[in-house]
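Fit chain B to the given chain A structure using the hints.
For the record, the sequence lines run as chains A and B. First residue of the first sequence? That's 162 in the numbering used here, and the numbers climb one at a time after it. First residue of the second sequence? That's 162 in the numbering used here, and the numbers climb one at a time after it.
Rather than coming from a laboratory, the hints here were simulated on the basis of the structure. These numbers were taken from a predicted model, which means no experiment stands behind them. Hints may contain errors.
When chains are identical, the list treats them as one kind, so a pair holds in a single copy or across two.
Below, a list of computed lysine-lysine pairs in the DSSO-like style, where the Cα atoms sit at most 30 Å apart [said to hold, decoys possible]:
no.: 1; residue 1: K217; residue 2: K258
no.: 2; residue 1: K567; residue 2: K373
no.: 3; residue 1: K163; residue 2: K373
no.: 4; residue 1: K527; residue 2: K409
no.: 5; residue 1: K567; residue 2: K163
Residue strings, one per chain:
Protein chains: 2
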Amino acid sequence: MKTFVLHGDFVSAPEPGRLETVRGGYMALENGVIQGLFPVLPERYRGLPVADYSGKLILQSFADMHLHAPQYPMLGLGMDLQLLEWLHAYAFPNEAKFRDPDYARLEYARLSRDLIRAGTTRAVMFSSLHTDATLILMEELEKAGITGYVGKVNMDRNATPGYQETTEESVSETIRFIEESARFRKVRPIITPRFTPSCSDRLMEELGRIAKEYGLYVQSHLSENLQEIEWVRELHPDCSEYWETYDKYGLFGDHTVMVHCIWSSERERRAMREHNVLAVHCPDSNVNVCSGLFPVIRMLDEGTWVALGSDIAGGADYHMNRVMTGAIRTSKARRIQSGWKDRFLQVTEAYYLGTTAGATYFGAGKGFSAGDRLHAIVVDESSFPENGNLSLQERLERAVYLMDEKNIAAVFSDGEQVVGSSV
Amino acid sequence: MKTFVLHGDFVSAPEPGRLETVRGGYMALENGVIQGLFPVLPERYRGLPVADYSGKLILQSFADMHLHAPQYPMLGLGMDLQLLEWLHAYAFPNEAKFRDPDYARLEYARLSRDLIRAGTTRAVMFSSLHTDATLILMEELEKAGITGYVGKVNMDRNATPGYQETTEESVSETIRFIEESARFRKVRPIITPRFTPSCSDRLMEELGRIAKEYGLYVQSHLSENLQEIEWVRELHPDCSEYWETYDKYGLFGDHTVMVHCIWSSERERRAMREHNVLAVHCPDSNVNVCSGLFPVIRMLDEGTWVALGSDIAGGADYHMNRVMTGAIRTSKARRIQSGWKDRFLQVTEAYYLGTTAGATYFGAGKGFSAGDRLHAIVVDESSFPENGNLSLQERLERAVYLMDEKNIAAVFSDGEQVVGSSV
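So that you can see chain A by itself, here it is in the shape it has in the complex (with noise of 0.2 Å):
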C-alpha cells in the first residue's frame, strides 16, 4: 500500500527549535510520495485507505550519518580504551573479519535489522576494506528498507598487518566497488579515505580523481582527537589544517560528510560552511573514547550543517534517539564547564539534528515536506509511565528519552511501510 492517508498525532522539525504538530492529523500520500499533512481530511483524498494510528504519535524517522558497519560485532566494547589504541585493539582486528563474505552476510543482516527497527531510514556509513562485503552491506541494507550511501573504507598505510591495502589495490577496488554497486536502487557508493594517517597522498589524490569521474560524495573523519590532529600536521607539515589535507585533494566540496570536528578551528569551521560540508556530531563515541566535548550551540549559532551521527562502534548505541540526548548531555556538559553560561541543546534541536538535519543531505524537504517519499516512524507509547494530558511537544520528549524498539510500531522509508503490519 503506497497511497493512502496515515492519521495520528504528528510532530516534525521543520528548523532546529521549532515543531509543527497536528494532532489528530491526516497524511495523504501518493505513490508513497507525502501530498500534505492536514487537520481535516480533504475531500479529495476520503476515497483513500486510511492507515489509522490514532492517538499515537507519528514522527520523522532517523538518519544516522556515520556508522561503521563492520564495528557492529563489537557494539558496547572495547570502552575502557582511548581512539589510537582502541583502533588497534579492538576497530582493525574485528573489521578485517569482514573478508569472510558469509561472515559479512549474516552480521549485516542482523545490523540492518537492528537498525531499522530502531527507526533509522536513512544512514551513511563506513564499510571495511572489502569490496564484496560492502556490497553484501549494501544489498541487505536495501533488503530492510534503508536508504543511504557506503563506502568501501580505503586505507594503505598506518593500519594493521592482514589489514591494509596498496594504493594499488585501494583504487581498483574502489573502482569496483561503485561499478559493481550500480545495481543498487536505494543504497549508493561514497568515497571514503579512513582518515588522513592511512591514506598515502598517492591514494588520496587517486580518490579526489575518483570522486570527480564518477560524481561521487566523500566522506571522512576530521578532527577527532588532539593526538590525532599532531599526527595529520607531521603528515602534511605543507597543511596548516586538518581539513586541508583533504581539499588539497578534491575531497572536501559540496555534500562532504566530515565526521567528529570536535576540535575544528574558527577558520576550518568557515570552510566546512563554504563548502557546503556537512559535520557530523557523534555524542556518544566523542566521550566512550575521551576524544572531546562537540561545541554543538557554537556550530549551531553560526550556521554550520550540523547532523548525528551513532557511530557505532565507538558509539555503544545505535537507538538514534538515545544520540540524541547524548547530544543534549554533550551540550549540558559543556554549559556546566562554561559557568552556566553556554546554553544548551533543547529537545526541539536534538529531535531536528537528528532528523531534517540529516535528512536534506539526501535531498530531502523539511520536516514532513510535501513530495517527499515519506520517512516516518510510528510510537507505542504504552509501555510508557502513565501521565495523561501531556502536550504533543512533552510526548516527542518524553520518546527521545525513552523509546526504544519496542516502542516503534511501524516504520516508514522512502515511501514504504518496512516494520510493522499494515493497517
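Just chain B now, kept in the frame of chain A:
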C-alpha cells in the same frame, strides 16, 4: 525453589576494579542463602535441583540507592529546565497527585514491575508527602520482590500551595508511617527530610529525635547545585557547610544516605567518611538538570563510600546498567575537562558501584558472598551482536552497555526467583 544449584557464567565485583569470574560455575543455595560458588559442583550438593543457565551470564543484581517514586510518571519530561525551576514546574505538581491512593496503586505497581524487570532488587527511595501512598508503595515493592528503604517525604516550607505540610502534620504522619510500615518484611522506613530548604528547624529537630527513637536511617539531598548551596547558607548562617545543617539535628550519622554531593568540599567529604555516610552519585540526573559533574574518581580514591542512583525523574532512566555507563561518561567528561590528566571510571568499577557498593548498605557481603541471600540476574545475550570468543570481562562490559529488560532472563531477590520462569 529456594534450595538449589545455580549454574552459569558468574561475574561479580567484590572490590572496585576487581572481578571474580567463574565460567560454567555452580552456586549452591540453601533456603535462598549462598553456600558457595564452585568451578566443579562439590559432592554434597549433587542431589539438589539445578537451575541450569549454562552459557548465560549471571551477574549481581543492581542496587538503586536513590529515586523519587512519585516522579516516575514524569520520566523523560521537563529535561529542558534546571533543578529549582524543574522542582516547581514538574516535580511538586506531579508528586501532589499521589494524594489519590488509586493513582498511587496504579503508578507504583507499574514502577515496581519496571524496576524488578530491569534487575533492580535493592532500592532506597523517596515517596511523596502522603503516608497512605507511601504504604502502598512499600506494599507494591514487596509484592514485586524488591527489598529496600522507603521514606515518606517531609516538607513544611518552601514547597508549593497544596503540596506542603504543617510541622505538626509532618511529625504525626511520619510517626504513623513508621508504625504502619512495621507490617512489611522486606521494605523498611527511612527518615526523609526532602532537603534543608524544605524543612523548618523545628521539623529537622523532630526528625532527628524520631530517627533516634525508632533507630532509623536517614536520607536526604546534599550539595547538588550551587544555587541550592547558596540558599542553604542563607537559611543556616550558623552552619559553615551544608552537611552541618543535617548533622546539627542528628541527621548525619552512620548509614545516612546523602544524595548528589557533587560540590562537597574536602571537609564535607571528610565528614561523610567519618560518619560512615553514603554518597549517592546520580550521573544522569546531574547532567539532565545541569547540576554538575560528580568527582567519582576523587571520591573513590579518598575512600568515600559511593554508590549509584537513577534519581528518577531528574534521571530519565531506571536501568541501573545505563546509570553505570552514565557514571563512566561523567568521569570521561571530567577527564577531558582536566586535559586528560584525571583517569576515568573503568567498567569494572562502575559495575562495583551499581552492585556491591549499594548491597553493603543492606548488610550484604562483597560480590557473591557465602552467607548472603541471593541477589542476582541472569543475562540473555542473544539479542546482542554475534561475537565469538569473548572473555567474561568483555561479556560483562557488553552487558553493561547494551542490556535492558529484554535481556534479563531471570532475577533473584532476597533468595527467591522473582522474574523469569523457574528452570
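Against the structure, the hints come out as follows:
In this homomeric assembly, K217 and K258 come within 30 Å of each other (Cα to Cα) only across copies, at 25 Å, whereas the closest approach inside a single copy is 42 Å. With identical chains, the CA atoms of K567 and K373 are never at most 30 Å apart, being 43 Å at best within one copy and 47 Å at best between copies. Proximity of K163 and K373 under a CA criterion of 30 Å is satisfied in neither setting, with 36 Å inside one chain copy and 70 Å between copies. In the homo-oligomer, the alpha carbons of K527 and K409 never lie at most 30 Å apart, since the shortest distance is 33 Å inside one protomer and 59 Å across protomers.
Proximity of K567 to K163 under the C-alpha cut-off of 30 Å is restricted to the intra-copy arrangement: shortest distance 24 Å within a copy versus 33 Å between copies.
When the structure is compared with the earlier hints, violations turn up for hints 2, 3, 4 and for no others.
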